[in-house]
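The residues making up each chain are set out below.
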Amino acid sequence: MDRMLEYETLLASLDAQAPGLDDLVPRALARARRHRVRRRLGVPAASLGGVAAAFVLLVNLSVPFARACSSVPVLRDLAAAVALSPTLRAAVEHDYVQPLGLRAEDNGFAVELSYLMADRGQLVLFAVFTGPEEYDAFLPTARLLGPNGEELPGWSAVGTSVVPGELSGALTLIYSGEGSPALPETLYLECAVECYDDDRPGEWDAAARFTFSFPLDEQFRDQGTTMEVDRWLEVDGNRIRVAALEIAPTHARLVLEQDPANGEELRGLEFWLEDEDGVRYEHGSASGLSAMGDSYLLESPWFAQPEHLTLHIAGARWLDKSMSCVTVDLDTLESGPLPEGVTLTGAQRRGEDVELSYTAPVNQPFLSRITLPDGSEAYAGLGLTQRPEEDGSGLYRGYLLLKDYPYDTVTLQLNWTRTTDFAQPLTLDLS
Amino acid sequence: MTDLELAHRAEEIRGRLYRTALLYLGGEAAALDAVDETVYRAFLSHRKLRQPEHFATWITRILINVCNDELRRRKREPSMAELPETAAEQFDALPLRDAVERLPRELRAVVVLRYFSGYTLAETAEALGLPPGTVSTRQRKALSLLRLELGDEKEV
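Going line by line, the protein sequences match chains A and B. Just so you know, our numbering puts 425 at position 425 of the first sequence, and the rest follows in order with no gaps. Just so you know, our numbering puts 110 at position 110 of the second sequence, and the rest follows in order with no gaps.
To be clear, the hints were calculated from the coordinates, so they are not data collected in a lab. Watch out, some of these pointers could steer you wrong.
[Claimed, not checked] With a Cα cut of at most 25 Å, we get these calculated SDA-like pairs of lysine to any residue:
1) B:Lys141 with A:Leu11
2) A:Lys403 with B:Asn65
3) B:Lys141 with A:Asp2
4) A:Lys403 with B:Arg105
5) B:Lys141 with A:Glu6
6) B:Lys141 with A:Thr9
7) A:Lys403 with B:Leu71
8) B:Lys141 with A:Leu14
9) B:Lys141 with A:Glu8
10) B:Lys141 with A:Leu10
11) A:Lys403 with A:Ser335
12) B:Lys141 with A:Met4
13) B:Lys141 with A:Arg3
14) A:Lys403 with B:Glu70
15) B:Lys141 with A:Leu5
16) A:Lys403 with B:Asp69
17) B:Lys141 with A:Ala12
18) A:Lys321 with A:Thr420
Excised from the complex, chain B in its bound form:
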């Protein structure tokens, strides 16, 4: 893929990347910075993209890594294993956007990609480098915490 081809593809997907980063990081400036950094890193490493048809999941994976770097920089976050038993009630009391932002990172990545950024289960698995079964499990867990009744038919 050449710089020019990447530029065209990045123009097409930038809104989707921004939407993902916005929910994942919870702030417009941080989301814009993350997309900026993602596209920059993509220009530096697109030589490695052997199959252009995987461009969307490839650049989304870069974005998730950039967002995770930012989250690590900010603070230590709870992991899935540390969720209290009353987590569902706590999430239920929050506005949906706040609840999504407070999900453990592993769950948030899945739910943001699947239900807010329009990735299929297979694409989500590829972007996150996870087996589809793991994505499916995390998806169920996240939806349960958020009290959202969404199935595959509700993908964006």
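Okay, chain A solo, but in the shape it has when bound:
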């Protein structure tokens, strides 16, 4: 065919549009709005089903929540920021908030530290970050200091990626030390902020540093109670002791202990608590942190004050103690035994980098760190992405990017080797 005739024919054939274009724009808008809310509130994507409407529904249908929002107008932005956290929502309903009203600036960036929610094991800080317009997100980290500038032992910070100009629970400081923490009357917070430009994906830049000091209201300093449980359970052939349930206004923790004789190490638990009225308190927390070792975070029944609580265990992730790592040949994809349901699907060299791809049965990465042939170790998290397969298989597809990687093998340190879902959840009365 004549080249010009071929050109005209090809041009005409391109005019037919794909059927999927019809709802493309609303689909993309809905996805973008979910993304914005997720970044603002720092919650998993899977739990964002009706997020756009969630706050409106809560304000309109929940009488105490509406009252909290309307009677204290300044709390309305805070109410929006906690809309997806049952625990923090209950705290707002009960006016369990310490206003701060602090502001600091550095290097063209500013942070307004607006509110604090605190109990004996956690501090949740609500802030608004702003900076040069080209930045699309900010990520704060922080250290909690004593009056002499010393770092308070046992406290760790969980920062959440936030969008500029919107109030959010950007920083959570959580206590994981022994016993109860001794918090001073005045807290010193050293905060570092990184910024992100969507046009330069994958790169966070150091932005600014801020220091705040503020008094911790007496009523928030030591709130919390511990329910001793001390009951052994057999879960999936392993023995687990439910040691205690710690309940505080901004979070709760289920404290477990594992029998050292178990053949597998418990690496994750799917569970919830249910009270006598059928109200469920789900695994997880507003900060996105779900566990610290054998201490599992969950929504708190503090303000509901139920008389009875029942623990329901619906699933678990286990690591075979004899199988903590697996070495993969990046040329042939040959490896030792992989976790149940995990399949390596490819290893591609891209310049100096290598991308290892896989499918997995659950949305929990099966690896956390890697060991290089030279013996050095690296955290895998920054190069690891995982998302649901779009073929309806129920699997998750993951990619591990090994930056500047000259080796032919990599050793993956495993998070888990087996996952189980119980058709009938195990139950334990905690009352």
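Dock chain B against the given chain A, drawing on the hints supplied.
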């Protein structure tokens, strides 16, 4: 620009974006995914679009980046510098659509935008972030490889 304004503009240009992605990536599903991702990214970053009159080239630039990400994911492609001396004969033997898809990415972007998606030379330069002179050079090179005798008057 608000979400609503962007939604209207995206509705207007979606067919053009799809046509660009279809030739650039060479598959309907991949093209649809690329346009989907492009409009999504546009909703995330339209705050940065200071001049709405540049919307078309701005969102086209996003599309080209998305397509390039996809191509990088698929395989390593030849660059312009690696074209063999017999490239013109090889391209000539292919159907036009296959020949366009096998052009080095730098040339393909120019020829797709200029002669299949209806962008002017200036718009193409803006969308690709290139000087107009570079676009003009690449355009001549691409047309020569494809044995297409198209000038500015043949723009779509």
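Kindly indicate which numbered hints from before are broken by the structure, ordering the numbers from low to high. Violated: none.
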